[in-house]
Structure formats: C-alpha cells, structure tokens
Amino acid sequence: MSDASFLLLDGLTLAYGKTTAVEGLNLSIRRGELVALLGPSGCGKTTTMRAIAGLMPVKSGRIVLDGRDITRTPANRREVGLVFQSYALFPHLTVFENVAFGLRLKGMSGKPLEDRVLTAIASVGLSPFANRKTPELSGGQQQRVALARSMVMEPKVLMLDEPLSNLDARLRLEMRTELQRVQKESGVTMIFVTHDQIEALALADRIVVMRNGAIEQIGTPEDIYNRPESAFVADFVGFENIFALKDGQLVTPGGTAPIADAPADAAALAWRPRAVALGNGPFSGVVRSSSFAGSAREYLLDTPLGPIKAEADAAHPAHDLGDTVSFGLPAATAATLRRFG
Amino acid sequence: MMQKILAPLTLALVMLFLIGPFAIIVAASFSAGDTLAFPPQGFSLKWIAKVFTVESFRQSFAMSLFLAIGGTIAALILGIPASYAMARYRLPGAETVRFMVSLPIIVPGIIVGLALLRYFVIPIGLSITLALFLAHTALILPYAVRVVSASLANLRSDMEEAAVLLGASRLGAFFSVVLPNIRGGILSAFILGFVTSFNQVPVSLFLSGPGVRTLPIDMLGYMEIVFDPSVAALSSLLAFLSIGIVFLAERFLGFSRYV
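Read top to bottom, the protein sequences are chains H and Y.
Residues in the first sequence are numbered consecutively from 1, following the working numbering.
Residues in the second sequence are numbered consecutively from 1001, following the working numbering.
Okay, chain H solo, but in the shape it has when bound:
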C-alpha cells in the first residue's frame, strides 16, 4: 500500500448489459486527495463512481483501496461513503436516526453512539435539528445530513454525486466551503462527480475529465483550465474558437489560413473569446451579435474562418451590428492542443 495510489482503478471496464459504459480506465488517487470526475452526461463518470461504491458490477479490471482488492467486495463491506445527488435520506427517520443508521448496524448503542452521532450532526451545523424528520429540512440542510451520515462512518473514500447542482447560488458557495473544510479536517479522500467545470475548478485538487467512458485528461485545475490537451477539453473549459493546424496553417471552413509562429508540435490551436485580438490583426469579420456582460462585451463575428467569438473590455466603444472589424489570432495567446477532437 502506498499513499500515492490509495485508490487504484486498474483497467476498469463497466457495462450495462451489452453497452459498454467505461472501458479500460486507469486512475490512481492519493490518500487525502480531492478529485473531481468531470464530463458531460453519459461520459461514464457516475458509472465509475457507482463501481467504486460497489453498486455497479465490474466487467473486467480491478479496484484496489488501501492495499486491498475490493473489486468483488459487496458494497456494504467496502468502507466507502456516497452522498447521492438526491441525498437519499430515510424520510421516516429523524436527523439523529439517519446519522445513527450505520453505527447501529455496526452494533453501537447507548452513550457512545449518541456522542458520535451528535458530534457528527454538530460538525455540519445541524444540532438544533437533530430530532426533526428529514423531509422538514431544506435542500441544503438535507445535504448536510447526508454528508454527516456518510462521514460518521469514517469511510476510506467519500464520494459525492453532483454535490452542488441542486443548490441555489448562495448555498452552493457555502457548501463548497463546507466540503473543503470537512475534507481538510478529516483528511478523507474525496471524489466528486460533476458536469460543471466551474465546480470542479473551484473545489478539486485534481480533475479527471472523462469522455465516452474513457479519461480524456487528468490535471490540476490550472492544467485543465489553461493547458487543455484536446479540443474536447478546450471546448469544455471555455475555449470557443478552435482550429486544427496543418503545415503551420489553420484549417477553417473557408479554407486554410496562415498563422505566424505556429508551434510545430500542435494538432490544433484554441482561443478563448478574450484571447482574440479585436481591432488588430490580419483577419476581418462582420458583427452578427453583441451582448453586454458587465465588465466585457461579447461579440459573435461572421468571418471567412467561420463564426468567431470575441470579447472586448466594456470600456472600449461598442461595435454595432453589421460593422466590419479586424481581428487577429495571435499564436502566443492560444492554447496548444495535442489532439483535435
């Protein structure tokens, strides 16, 4: 057992009947790490999480947790916690009994049980609600109960399915802080599944981007945000202008376009709207739409390269619809992609 591969997914293949959901997935997670599985729906992230929990049979490959092969271990003996997207609380029980559920099954009772449950409830700030039935609580409170219910079992890995997606904006920020605090205080290894890149970037130590049942890229939030390796990841994190590169030229719907200083080893180049040099460069386009977004103004341009999304500081004078503007795509502000696709 090593801390570097506390949880190891080794050639994991998962299938629903004849449909393969995840194929040959390899992933190694460190003890105490906070990892996000990021991807669009249907990419296999939730399936992977369910397989780690033991709720989904493994077709081939291995899952090793803390040095023990748990590939065939039943879910109730894996020491893995899961906070469901729906929270999956037991509506017929109080907050206290929800949190006590797992400990009672372990044979705990009396004062030791009560102490541990109340501590867990207090740690998520729900002490005044211990005797309430869970349907009486708000969504945010219910999620805290679900979190306490999993954490009180001291799982080796805590997984969360779309932990922030059911919360409103203010609660989302609060819960994000809460999850980071819980993770820091307990040191638990945490994996969460999300389709929201902002959540993943804000919360995770490391992001695993998934696509069609395979890993597309693994990296720190900075890596993923600034150095996407493929057009898929680039598109996912907001690079809206992506062009394949061939013989030092951009491949566009309107034919090839020369570009200065193109890196030799790149398969494609990608620019965020902000990275497009508006009003300054060899290309020109017609403003098709423009929208005001507070600090910036966003434009959609019709160009010989196809549609281009550009952004200019709101302090600049606005371009009108139908105006022809020049723009440049400087290689220096582009992300260099190794794969176009």
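Note that these hints are calculated values from the structure, not bench results.
Just so it is clear, CB atoms sit at the ideal spot from N, CA and C, and this is done for glycine as well.
Watch out, some of these pointers could steer you wrong.
[Unchecked claim] Cβ-to-Cβ under 7 Å is the rule here; a few derived chain H residues that face chain Y:
#1 A75
#2 A88
#3 F101
#4 P253
[To be verified] Between beta-carbon pairs, the in silico distance windows are:
#5 D235(H) with A1094(Y): 41 to 47 Å
#6 G107(H) with A1094(Y): 34 to 40 Å
#7 L1103(Y) with P57(H): 33 to 39 Å
#8 S186(H) with P1081(Y): 38 to 44 Å
#9 R1251(Y) with G107(H): 35 to 41 Å
#10 Q85(H) with R1251(Y): 31 to 37 Å
#11 A1094(Y) with A257(H): 45 to 51 Å
#12 G1070(Y) with K106(H): 37 to 43 Å
#13 H92(H) with S1056(Y): 40 to 46 Å
#14 G1209(Y) with S86(H): 52 to 58 Å
#15 P57(H) with G1070(Y): 39 to 45 Å
#16 I1110(Y) with N166(H): 41 to 47 Å
#17 F1052(Y) with G107(H): 49 to 55 Å
#18 L1065(Y) with S186(H): 53 to 59 Å
[Said to hold, decoys possible] Per the computed footprint, the stretches of chain Y lying under chain H, defined by three or more beta-carbons under 8 Å from a beta-carbon of chain H, are:
#19 1098-1105
#20 1148-1160
#21 1174-1182
Chain Y: place on chain H using the hints.
Frame of chain H; chain Y shown alone:
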C-alpha cells in the same frame, strides 16, 4: 336560468339513487314491525339486538372475519415481494405476471367459484375452509399488488443503496428502509383487501358448505327462510363498520391516494 335548477336537481336525483337504498335499509332496521318493510312501522332497537343473538350470524361473522384478515395477510405476504420485484428489477415476463395477478378481478366470481369447486374441492377433497381461504387470498392479491406497487413507485431506489453503503444487507435495507416507507400503502391494501373479502358473494356462494358459511351467504340463506328486519339491521351495522374503517383510514393515511 334552466341550468341553475337542472344541475342541482340532477345532483339530488343521483345522490338519492346512490344513498336511497342504503337509507331505506337503515330506516328498516329500526322498525318495530315483524317484516322487512318501508316505511318502517314504529321505532325500536329490537332487531339490532336480535342480530347479536342469532348463533349462525355469530359463526359466519367469525368465518368472514377470519377470511378477510387471514386472506389479506396472505395476499400481502405474496403481494409485497412480488410488487417489489416488479418495481425494482427488469424481470422477463413481468407484464405477464402483472396481468395474471390481476385476473381474479377480471374473471367473474361465479367462474372462479365454480372452477374451484369442480376442480379443487370435489376431486382432491380440499376442505371448505381451506378452499375459501385460498379463493379469498387470490381475490385480494390483485388489490394488494396494485396498491403496494403504487406506493413503491414513489420510493426511490437510491435510499436502499444508501442503506447498503452504510452497512445494511439488501434484505436488511428492505426491512429497515423500504417497508417503513410503504407502510401507508400496505395499510391501505389491507383495508381494501379486508373490505373486498368481507363483501365477497359469488365465490363464497359456490364454496360454502354445511356449517361453513361467510356472513353475506348466511344472510342470503337467512332471508330465504325468515323475512324479518334483522337482516336489515345487520346490513346497517356492517355498512357503518365499513364506513368507519374507511373514514379512519382516510383521516390518518390519506387512503384515497392509493386507490
């Protein structure tokens, strides 16, 4: 203008049609006369009192009670796991099973009764009590499956998965998480099953034998010989019992959500 008179009038006539016969029976049961008649002659409680003294009523009431309670419990023991399996797993032939289970509602009771009598009771000498018990269980089963299925449909399966991840076995999760949350459905199924069995006539008619009769059959038999208001009195008592049970169920369980 016409509508203002016609609508309430229609409503009143329909209500009269629905409630009228019941009101007549109730009124007749308080009669002081010796025959079943309406309007009642005078007022007395003697026929109501008499109901409790007729020995065969007492026996057949006990029989009906046994069939209603025993049959419903048996139907729930069979129906709850069946409903659960059909709700949770994609079983091959689940639709066929669902259809088979609802057959006893669709097939006329006369046919069920005749078939049971001709092919079970007579050839293999099944005791009448056992035959009645089996028949009532089969008749209640469709209601049990339907009502329990309805409440299972509202229960998310991730609750059971959560219980399993907290250390419960699949079976343990069923008892600690599923059952308590379909309690209302089970109680509703119980009441529906009880009333269905208690009011059952055609099947019981075929299977009743010497000394073994359900209450409705006994009442029919009694009326053929004696035409006094005690049958009306008994009917009133049963009706009020049923109404009372359903009222309490609605009050405490929201019975009408399930049926």
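Comparing the hints with the structure gives:
1. Checking A75(H) against chain Y: minimum C-beta separation of about 5 Å stays under 7 Å; hint holds.
2. A least Cβ separation of about 4 Å between A88(H) and chain Y falls short of the 7 Å threshold, and the interface hint therefore holds.
3. Among the interface hints, the one on F101(H) holds; its C-beta lies about 5 Å from the nearest C-beta in chain Y, closer than the 7 Å criterion.
4. The restraint placing P253(H) at the interface with chain Y is violated, with a minimum CB-CB distance near 45 Å, outside the 7 Å limit.
5. Our hint of 41 to 47 Å for D235(H) and A1094(Y) holds, since their Cβ atoms are close to 42 Å apart.
6. In this structure, G107(H) and A1094(Y) meet the distance hint of 34 to 40 Å, their C-beta atoms being roughly 38 Å apart.
7. In this structure the hint that L1103(Y) and P57(H) lie 33 to 39 Å apart at CB holds, the actual value being about 36 Å.
8. S186(H) and P1081(Y) have their C-beta atoms about 40 Å apart, which keeps the hinted 38 to 44 Å range intact.
9. Between R1251(Y) and G107(H) the beta carbon distance is about 40 Å. The supplied range of 35 to 41 Å therefore holds.
10. Checked against the hint of 31 to 37 Å, the pair Q85(H) and R1251(Y) passes, with Cβ atoms roughly 36 Å apart.
11. The hint said 45 to 51 Å for the Cβ distance between A1094(Y) and A257(H), and at roughly 60 Å that hint is violated.
12. Between G1070(Y) and K106(H) the C-beta distance comes to about 39 Å, which sits within the given range of 37 to 43 Å.
13. The hinted range of 40 to 46 Å is satisfied by H92(H) and S1056(Y), whose Cβ atoms lie roughly 45 Å apart.
14. In this structure the supplied range 52 to 58 Å holds for G1209(Y) paired with S86(H), their Cβ-Cβ distance being about 55 Å.
15. The hinted range of 39 to 45 Å is satisfied by P57(H) and G1070(Y), whose Cβ atoms lie roughly 41 Å apart.
16. In this structure, I1110(Y) and N166(H) break the distance hint of 41 to 47 Å, their C-beta atoms being roughly 55 Å apart.
17. The beta-carbon spacing between F1052(Y) and G107(H), approximately 54 Å, falls within the hinted interval of 49 to 55 Å.
18. As the Cβ distance of L1065(Y) to S186(H) is approximately 58 Å, the hint placing it in 53 to 59 Å holds.
19. Residue count for the segment 1098-1105 of chain Y with a Cβ under 8 Å from a Cβ of chain H: 0. That is fewer than the three needed, and the coverage hint is violated.
20. Residues of the segment 1148-1160 of chain Y with a Cβ under 8 Å from some Cβ of chain H number 3, which satisfies the need for three, so the listed coverage holds.
21. Residues of the segment 1174-1182 of chain Y lying with their CB closer than 8 Å to a CB of chain H number 4, which satisfies the three-residue condition for coverage.
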